[in-house]
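One-letter residues, chain by chain:
There are 2 protein chains.
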Amino acid sequence: MSETMTLVGRNLSPYARRVAIWCALQGRELERLDVAATDPSQADIMKSYHPGIRVPVLVLADGTRLIESMPICDWLDDSMPDMRLVPATGLARRDCLQRIALAHSTVEKVVSLVYEKNRRPEEFHWKDWQTRVIGQIEGGLAALEEITPEAGFFGGDKPDGSDVAAVCTYQQAEVTNPFLVEGRYPKLTALAARAMKLPAFADTYPG
Amino acid sequence: MSETMTLVGRNLSPYARRVAIWCALQGRELERLDVAATDPSQADIMKSYHPGIRVPVLVLADGTRLIESMPICDWLDDSMPDMRLVPATGLARRDCLQRIALAHSTVEKVVSLVYEKNRRPEEFHWKDWQTRVIGQIEGGLAALEEITPEAGFFGGDKPDGSDVAAVCTYQQAEVTNPFLVEGRYPKLTALAARAMKLPAFADTYPG
Numbered sequence: 001m002s003e004t005m006t007l008v009g010r011n012l013s014p015y016a017r018r019v020a021i022w023c024a025l026q027g028r029e030l031e032r033l034d035v036a037a038t039d040p041s042q043a044d045i046m047k048s049y050h051p052g053i054r055v056p057v058l059v060l061a062d063g064t065r066l067i068e069s070m071p072i073c074d075w076l077d078d079s080m081p082d083m084r085l086v087p088a089t090g091l092a093r094r095d096c097l098q099r100i101a102l103a104h105s106t107v108e109k110v111v112s113l114v115y116e117k118n119r120r121p122e123e124f125h126w127k128d129w130q131t132r133v134i135g136q137i138e139g140g141l142a143a144l145e146e147i148t149p150e151a152g153f154f155g156g157d158k159p160d161g162s163d164v165a166a167v168c169t170y171q172q173a174e175v176t177n178p179f180l181v182e183g184r185y186p187k188l189t190a191l192a193a194r195a196m197k198l199p200a201f202a203d204t205y206p207g
Numbered sequence: 001m002s003e004t005m006t007l008v009g010r011n012l013s014p015y016a017r018r019v020a021i022w023c024a025l026q027g028r029e030l031e032r033l034d035v036a037a038t039d040p041s042q043a044d045i046m047k048s049y050h051p052g053i054r055v056p057v058l059v060l061a062d063g064t065r066l067i068e069s070m071p072i073c074d075w076l077d078d079s080m081p082d083m084r085l086v087p088a089t090g091l092a093r094r095d096c097l098q099r100i101a102l103a104h105s106t107v108e109k110v111v112s113l114v115y116e117k118n119r120r121p122e123e124f125h126w127k128d129w130q131t132r133v134i135g136q137i138e139g140g141l142a143a144l145e146e147i148t149p150e151a152g153f154f155g156g157d158k159p160d161g162s163d164v165a166a167v168c169t170y171q172q173a174e175v176t177n178p179f180l181v182e183g184r185y186p187k188l189t190a191l192a193a194r195a196m197k198l199p200a201f202a203d204t205y206p207g
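Chains as they are written, first to last, in the UniProt record's numbering: chain A, 1 to 207; chain B, 1 to 207.
Hints were generated in silico from the structure; no laboratory data involved. Computed from a prediction, not measured in an experiment: that's the story for all the values here. You can take every hint at face value.
Note: identical chains are not told apart, hence a pair may lie in one copy or across any two.
Straight line, CA to CA, 25 Å or less: simulated SDA-like cross-link-like pairs of lysine to any residue:
id, residue 1, residue 2
1, Lys47, Asp128
2, Lys158, Cys23
3, Lys47, Arg184
4, Lys117, Ala43
5, Lys47, Lys127
6, Lys127, Ile45
7, Lys47, Glu182
8, Lys47, Thr4
9, Lys187, Ala92
10, Lys47, Leu30
11, Lys187, Asp157
12, Lys117, Gln130
13, Lys47, Pro178
14, Lys117, Arg132
15, Lys158, Met83
Go ahead and model the full structure; you've got the sequences and the hints to work with.
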């Protein structure tokens, strides 16, 4: 049996990318299977990994399949406590998870906008919905910007789980609908630039 | 300062309902603020609680606002370790979180279907998308059905966090698009019926 885990999902999924970066920051070896959950021709492969046809799926060395970025990353931390990216307990944990929650909540809407604006045939666009989703993204990014540190990372000298989530969210917007971020959010822009000096982030950039 | 927490969000949000049931099962007192994140006339109120205009938001007694059901429930457990609904560590934690992940992943698509089929003006419906989402829901519910216990709860004699998530997912489908579940998934149907004997579930039924 291989000792290596396999991550199902491309870096263009911000959820899959978060898991990939998490593993890299923990020094875990990881194989990648670049499957797009939304590609109909790959639906059967995807379904064999996740009955709901979604990424990411983390296939462990013993064949166990884990789904959903937050529970996957919870296990990555729980099973390697010396290399946690989220503190184990208390206020420090709550604060870090809340930053992740804000980034997660925001990127869900970035992904919704891709489905609505970039993928859906134009005759089926619902402009009111686009306006609403863009407002939600802008609200989320502005709130993230407000708490982003001027230097270093949320985690201090090294990124923690919330740096992973914040940078993935920002760059997902940048790559899929650049108008969302261009010339705005200077602290997030600088945080992403600092993160990109680390291979974990640079090697997984989705653009 | 009040000792009571306030949950922002209606039971018709399966995520808000999960938090409400979690609090009830832990014996926590909870005030409710029934705001619909999708109601434009309530957008300003919602924005004051969550910059991304989403529910649930749990407002703590000291005014701190927590967002996103998974991180909220993580804090509910971490701050009341004797009343945890998810084991603290190890395989038992991973398994319970994975059941929650499956239920969560599935209900996200149930909610997507509501947006696409029940709310979006009919001229903007995209049938291919509806077909895809329904397939994802059916895959998720079938996988949940497969692991659902014949008697008792995932948590044994008492529901754990994954019972909360599974029942909320099943009943969300039942209430919003009953064709998804009618006459199918007998073990999930029976699990939901057993759960409904408990006030935590019965008092929050969204129908």
